[in-house]
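Chains as they are written, first to last, in my numbering: chain W, 5 to 329; chain L, 5 to 329.
Don't take every hint at face value.
Note that the list lumps identical chains together, so a pair holds whenever it fits in one copy or between two copies.
Dumping the calculated DSBU-like pairs for lysine-lysine here, alpha-carbon to alpha-carbon at most 30 Å [to be verified]: (1) Lys98 to Lys328; (2) Lys83 to Lys98; (3) Lys235 to Lys83; (4) Lys278 to Lys71.
No lab work stands behind these hints: they were computed from the structure.
Number of protein chains: 2
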Amino acid sequence: MAKTDLVAGIDIGGTTTSFGLIDRQGNIIARSSVPTEGGIQPGRFVNLLYDRIMALMVSSSSTHRLKGFGIGAAGANSKTGIIEDPPNLSWKGKVPLASLFTSLSGLPALVTNDANAAAAGEMNYGAARRMSHFAVITIGTGIGSGVVIDGKIITGERGLAGEFGHTRAAGTTGLRRCGCGSDGCLETYTSVPGLLLTARELLDESGSSGYSGLLSTGDITGELLYQAALKRDRVAIEAYRRTGTILGTAIANLALITDPEAIILFGGMTNAGKYLFDPVMEAMNRGLLARQRGEIALLASGLDGDSAGILGAASLFRAEMRQKA
Amino acid sequence: MAKTDLVAGIDIGGTTTSFGLIDRQGNIIARSSVPTEGGIQPGRFVNLLYDRIMALMVSSSSTHRLKGFGIGAAGANSKTGIIEDPPNLSWKGKVPLASLFTSLSGLPALVTNDANAAAAGEMNYGAARRMSHFAVITIGTGIGSGVVIDGKIITGERGLAGEFGHTRAAGTTGLRRCGCGSDGCLETYTSVPGLLLTARELLDESGSSGYSGLLSTGDITGELLYQAALKRDRVAIEAYRRTGTILGTAIANLALITDPEAIILFGGMTNAGKYLFDPVMEAMNRGLLARQRGEIALLASGLDGDSAGILGAASLFRAEMRQKA
Numbered sequence: 005m006a007k008t009d010l011v012a013g014i015d016i017g018g019t020t021t022s023f024g025l026i027d028r029q030g031n032i033i034a035r036s037s038v039p040t041e042g043g044i045q046p047g048r049f050v051n052l053l054y055d056r057i058m059a060l061m062v063s064s065s066s067t068h069r070l071k072g073f074g075i076g077a078a079g080a081n082s083k084t085g086i087i088e089d090p091p092n093l094s095w096k097g098k099v100p101l102a103s104l105f106t107s108l109s110g111l112p113a114l115v116t117n118d119a120n121a122a123a124a125g126e127m128n129y130g131a132a133r134r135m136s137h138f139a140v141i142t143i144g145t146g147i148g149s150g151v152v153i154d155g156k157i158i159t160g161e162r163g164l165a166g167e168f169g170h171t172r173a174a175g176t177t178g179l180r181r182c183g184c185g186s187d188g189c190l191e192t193y194t195s196v197p198g199l200l201l202t203a204r205e206l207l208d209e210s211g212s213s214g215y216s217g218l219l220s221t222g223d224i225t226g227e228l229l230y231q232a233a234l235k236r237d238r239v240a241i242e243a244y245r246r247t248g249t250i251l252g253t254a255i256a257n258l259a260l261i262t263d264p265e266a267i268i269l270f271g272g273m274t275n276a277g278k279y280l281f282d283p284v285m286e287a288m289n290r291g292l293l294a295r296q297r298g299e300i301a302l303l304a305s306g307l308d309g310d311s312a313g314i315l316g317a318a319s320l321f322r323a324e325m326r327q328k329a
Numbered sequence: 005m006a007k008t009d010l011v012a013g014i015d016i017g018g019t020t021t022s023f024g025l026i027d028r029q030g031n032i033i034a035r036s037s038v039p040t041e042g043g044i045q046p047g048r049f050v051n052l053l054y055d056r057i058m059a060l061m062v063s064s065s066s067t068h069r070l071k072g073f074g075i076g077a078a079g080a081n082s083k084t085g086i087i088e089d090p091p092n093l094s095w096k097g098k099v100p101l102a103s104l105f106t107s108l109s110g111l112p113a114l115v116t117n118d119a120n121a122a123a124a125g126e127m128n129y130g131a132a133r134r135m136s137h138f139a140v141i142t143i144g145t146g147i148g149s150g151v152v153i154d155g156k157i158i159t160g161e162r163g164l165a166g167e168f169g170h171t172r173a174a175g176t177t178g179l180r181r182c183g184c185g186s187d188g189c190l191e192t193y194t195s196v197p198g199l200l201l202t203a204r205e206l207l208d209e210s211g212s213s214g215y216s217g218l219l220s221t222g223d224i225t226g227e228l229l230y231q232a233a234l235k236r237d238r239v240a241i242e243a244y245r246r247t248g249t250i251l252g253t254a255i256a257n258l259a260l261i262t263d264p265e266a267i268i269l270f271g272g273m274t275n276a277g278k279y280l281f282d283p284v285m286e287a288m289n290r291g292l293l294a295r296q297r298g299e300i301a302l303l304a305s306g307l308d309g310d311s312a313g314i315l316g317a318a319s320l321f322r323a324e325m326r327q328k329a
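Given only the sequences and the hints, what does the whole structure look like? Please build it.
Here you go:
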């Protein structure tokens with residue numbers, strides 16, 4: 005019986021790393037995740053990840069054969085495949101992720117930006133099928149974007165295109181300090197930590213323990229905030245509203261430059277549904293030209309969980325292999 | 005003797021319309037300009053423009069033959085060739101510029117956005133020769149941009165890409181009303197009228213007549229402001245500084261999304277040289293990722309006057325004719 009070729013698709017986010025084994029048709033045969041260990045040496049983290057992927061191979065089926073690794077990573081340069089001083093990981097200097105995987109496995113590896121991987125996933129399997137112009141906005145520990153123009157993910161002159169999270173956000177004080185060293189970057193307001201900080205500030209301002217009683221003590225988590233919003237907690241709803249308004253205004257700027265068919269929001273925060281999408285949509289439409297208003301769709305990822313990232317990284321790997329063959 | 009094929013390149017800006025006769029090699033054989041008559045019916049303005057171009061043909065040489073019209077216009081949709089409710093002209097509804105020229109002349113005509121025409125001009129003949137990733141920012145009555153990615157001018161899903169002038173500007177109150185109906189658009193601060201308004205506000209604030217004495221009475225013009233800056237007028241220098249800082253911050257946002265090799269500033273305001281370029285460069289670099297700082301060139305148009313617009317419009321017309329042939 006012929007062996008089935010699989011590619012390991014890996015999505016290294018600021019907090020969680022997801023990975024899966026993906027066949028030629030884009031089916032995820034097996035999948036798992038680990039916390040992203042930004043605090044240990046990158047070589048040790050790659051060892052750990054490689055062991056977990058091999059364990060997944062062994063437990064899946066003996067008729068499978070691993071072809072290589074497609075890796076999407078926050079802060080990775082899509083042209084060079086190198087991660088350099090990633091703002092959300094403590095890895096220092098240049099980390100050659102692809103060659104670390106290859107030196108362990110003897111197999112080829114491709115590294116791309118995590119947001120570009122998500123864009124490839126949405127284009128091939130998700131919400132952006134048959135679209136030529138769209139952008140995927142990844143919302144997590146940071147904010148990233150994968151921008152597709154005329155059916156191609158743009159990478160720019162140095163492979164750094166799509167760094168939407170570090171654009172200056174209009175409609176803010178611009179004082180929040182970003183991991184990149186600048187102040188007022190979009191992601192300091194609209195990433196998950198940015199949202200939670202806004203909720204904390206609103207609680208401190210109001211001096212109250214939160215209408216729902218859910219936000220009274222200790223850390224606020226994304227899940228807690230969402231539960232509070234469901235219970236009509238005014239602090240929680242206002243935190244989503246402010247965050248969504250800042251994000252929607254910034255998305256309008258991106259859309260004025262690129263004129264997309266749709267904007268796809270990606271990441272756990274999108275589970276908040278209308279609490280996030282309504283203010284984003286309103287601010288986006290307010291910022292657009294009259295001729296674009298109501299014309300640009302705002303969509304949630306068309307793939308469950310974080311599948312777009314691992315599917316996209318695997319599909320970019322296969323495309324590169326075909327090109328080389 | 006064989007006739008030389010010429011194309012009429014036309015650049016319809018918010019204030020001035022430039023036009024010229026351009027040969028196959030990109031030489032401008034003859035050129036002239038008229039004030040843009042945004043207050044009269046578009047059909048009458050096209051009549052006037054057509055007459056002036058025919059007069060230019062007659063006065064140039066009998067061995068020339070006109071092939072058609074390449075028209076760049078502020079607010080034009082590069083995909084449809086239609087101008088729709090241009091914010092800086094009083095033309096209402098949809099103006100089919102190309103068919104107006106064709107119905108007068110019987111010759112083909114192509115309409116594109118004026119900033120995209122400038123980008124084509126810089127790419128073929130100016131500061132962006134041999135570049136694959138750059139943006140031209142046109143500064144005039146409004147602000148436009150032509151964005152080139154992988155050697156192609158991007159137009160987006162609806163032909164509206166590059167509407168940089170209507171992005172929301174960070175670092176402002178966001179209260180200035182724009183011709184597009186929104187508040188706080190970049191062009192309300194960094195167009196020529198935006199710069200002059202800032203100078204006026206600074207004069208009113210300081211209560212003084214301007215250090216140089218040049219800005220005391222009546223209207224402030226761009227030329228007057230520049231002369232005042234040359235005489236070290238603090239109000240004039242501060243007006244350029246504030247304007248350049250807002251523009252540079254917005255350019256950094258554009259560069260974070262597209263990662264260009266260079267940004268090219270285009271339009272009469274660039275004559276202000278260091279008074280404008282220094283604050284733009286400083287704010288741009290402050291807004292970029294550390295890895296991009298000092299890597300993105302900030303250039304003035306590589307063509308004198310407004311040649312890029314008319315050369316670019318003509319070259320886009322020739323490219324379209326070749327494609328159809």
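Verification of the supplied hints:
When the C-alpha separation of Lys98 and Lys328 is checked against a cutoff of 30 Å, the pair qualifies only within one copy, where the shortest distance is 25 Å, while the shortest distance between copies is 48 Å. In the homo-oligomer, the alpha carbons of Lys83 and Lys98 lie at most 30 Å apart inside one protomer (14 Å), although the nearest pairing across protomers, at 42 Å, exceeds that limit. In this homomeric assembly, Lys235 and Lys83 never come within 30 Å of each other (Cα to Cα): the closest approach is 46 Å inside a single copy and 48 Å across copies. For the identical chains of this complex, Lys278 and Lys71 are neighbours neither inside a copy (41 Å) nor across copies (55 Å), given an alpha-carbon limit of 30 Å.
Violated hints for the displayed structure, listed by number in ascending order: 3, 4.
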